[in-house]
Amino acid sequence: MEQDVSDGRHGGRVITRFPPEPNGYLHIGHAKSICLNFGLPRDLADKVPAGVAVRCHLRFDDTNPIKEEQEYIDSIKEDVRWLGFDWGEHEYHASDYFDQLYEWALVLIRAGKAYVDDQDGETIRLTRGTLTSPGEASPYRQRSVEENLDLFERMRKGEFPDGSRVLRTKIDMASPNLNMRDPVIYRILHARHPRTGDKWCIYPMYDWAHGQSDWIEGVTHSICTLEFEAHRPLYDWFIEQLQAEGVQPPAAADRPRQYEFARLNLSHTIMSKRKLLELVRGGHVRGWDDPRMPTLCGLRRRGYTPEAIRNFCDTIGVTKYNAVTEVSLLEHCLRDDLNRRAPRVMGVLNPLKVVIENYPDGEVEHFDAVNNPEDPAAGTRKVPFSRVLYIEREDFMEDPPRKYFRLYPGNEVRLRYAYLVTATKVVKDEAGHITEIHCRYDPDSRGGNAPDGRKVKGTIHWVSAAHAIDAEVRLYDHLFKCADPDDVPEDGSFLDNLNPESLKVSHGCKVEPSLADAGPGHICQFERLGYFCIDPDTTPENLVVNRTCTLRDTWARIAGRKQGG
RNA sequence: UGGCCCGUAGUUCAAUUGGCAGAACGCCUGACUCUGGAUCAGGAGGUUCCAGGUUCGAGCCCUGGCGGGCCAGCCA
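For what it's worth, the working numbering labels the leading residue of the first sequence as -1, then goes sequentially.
Take the hints with a grain of salt, since some may be wrong.
Simulated pairs of lysine-lysine, PhoX-like, Cα-Cα distance not exceeding 20 Å [as the list claims (entries may be wrong)]:
#1 Lys502 / Lys479
#2 Lys351 / Lys453
#3 Lys273 / Lys351
#4 Lys111 / Lys197
#5 Lys380 / Lys75
#6 Lys401 / Lys65
#7 Lys423 / Lys479
#8 Lys479 / Lys401
#9 Lys168 / Lys155
#10 Lys479 / Lys273
#11 Lys351 / Lys401
#12 Lys65 / Lys271
#13 Lys197 / Lys65
Hints listed in this document are in silico derivations from the structure and should not be mistaken for laboratory results. All values derive from a computational prediction rather than experimental measurement.
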């Protein structure tokens, strides 16, 4: 689509825009649009002669002051930057064009192509007709230019209450495209605008503001989602009418074209701003940045990286087919990126005490541990080892099934980077719960190498009890328990599909001391467990860690398969 | 029941614009490994929604169906 354009149209210029309405937080669906709009010109930059404009604007579609807030504007800018995109000087607001839009509305009125309608919203709706029947003309449709000019001026001055009058364009009440049945382009809203304050009490509708904003900015490719397809004839109509009246935008740009693509749908989550808001308001999540939310700030807190999200957006492609992408693809992109960058550490989520019987009490050794096998430049670190350790409770079984090659009585495993140990004794409390394991270590296996070359199947992670840092770990799962949360019976709600186990908090987890210096946002891999990041809730007394995602776990699949029969 | 858009592997997308239907993810098998991770190799998986037509040749063009989406805000 865009290749055709780079060979000729618009003089080679490619100017796109990302046009959020500042009425909520950006989510992964917006990321698709951001990557598309910013990515297109970025990728074309070196294929175009010097001096030819190739860029993406950030434009806030702030035409409805009732729903929009500065808070959202700030968060949107932060999120777009975080994703790795830069709009340079090209930050705009539809509200920047309110004066121009007003002037152009006058042009339409003078040309007899717009009129003030005194009917109320209900009446306008009723007379618009239906999908199969034409609408009826408003009794005010034939007002004189002078009367329209006068009324519109008085609308602007604030002489009329909200909802009493609107400015409509005169197109075709019988059009099969409902958007062409004399759409409203101005409504009266006595509301304070975050940017223009009380200057206006009439505000342009989306259709009137969007295309003309594109035109003013010299946008060449106005890329939006599928539901605006039916608006394209209107988009074109406005510009054609203005051109017919001899209007040119200040920049004298040729007219922009609108293109549509399918918005992102992700399984196991929802993307609707309204429903997201419902989750927040209803206390089903802790806020917009809850790590289970598909919002960009939620994903960021969860430990997602901009690279992972961008790669995901590249992978899913762009079509007009209304598709549902599996979350597993997003998670694959996440792991792919984290695998390359996340430093490895050892952490024990569900600690089980291990005493090395034949290891001297009070002695401490430090072993070299590789920070990232995928990145030699990441170097190594020292990990302390002593007589009393913690291992993962799941890494010991008193009575193991076949093909279980972790610790069990009599079996030898490797404590990663440290020693080979063999379980000798199981200690239990009165209730029969295992409270600790005793092992013997092979002093000749220092560093984890079998002196005689004997094969040791299992390698498990551990943390020295005396040196461990306590941590609270938050384990996340999909927010919804089924692929399509909106798939509910007639009287049901998407809330019925919330996954009750989407958050599990583990207290008393033990992590290696190297994590002491890491601050909020720090990402790492707990070996064999998954990727984790430090949550902003962390205090000097309480380390809080989010599990970003698990590692791919073949054993869990095998075990699950057996259980499931 | 009007108009517009879309139908290719379980999923997301390709197919040099009419020339042997492919990739990635997922799934399965194997190799390797001091992460049961990663990596590597292999495998299964298709009536290209259906039916006609044009053509030497159709996923692609034409006609008609079927299925899905969007549109009746003074939201965007």
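Evaluated hints:
For the hint linking Lys502 to Lys479, the alpha-carbon distance of about 15 Å falls within 20 Å, and the restraint holds. A distance of roughly 25 Å separates the Cα atoms of Lys351 and Lys453; the hinted pair therefore is violated under the 20 Å criterion. A hinted pair counts as satisfied when its Cα atoms are at most 20 Å apart, and Lys273 with Lys351 does not qualify at roughly 45 Å. Between Lys111 and Lys197, the direct Cα distance comes to roughly 26 Å. Violation of the 20 Å bound is thereby established for this hinted pair.
Taking the CA atoms of Lys380 and Lys75, the gap is about 41 Å. The hint is violated against a cut of 20 Å. Restraint check for Lys401 and Lys65: not satisfied, since their Cα atoms lie roughly 59 Å apart, outside the 20 Å limit. Simply put, Lys423 and Lys479 have alpha-carbon atoms about 41 Å apart, too far for the 20 Å limit, and the pair is violated. Distance check on the hinted pair: Lys479 and Lys401 sit about 31 Å apart at the alpha-carbon level, beyond 20 Å; violated.
Between the alpha carbons of Lys168 and Lys155 the distance comes to roughly 23 Å, so the proposed pair goes past 20 Å and is violated. With a C-alpha separation of about 16 Å, the suggested pairing of Lys479 with Lys273 holds against the 20 Å cut-off. A distance of roughly 24 Å separates the Cα atoms of Lys351 and Lys401; the hinted pair therefore is violated under the 20 Å criterion. A C-alpha spacing of about 12 Å is found between Lys65 and Lys271, which places the hinted pair at or below 20 Å, so the restraint holds.
A C-alpha spacing of about 17 Å is found between Lys197 and Lys65, which places the hinted pair at or below 20 Å, so the restraint holds.
Checked against the numbered hints listed earlier, the structure breaks hints 2, 3, 4, 5, 6, 7, 8, 9, 11; every other hint is satisfied.
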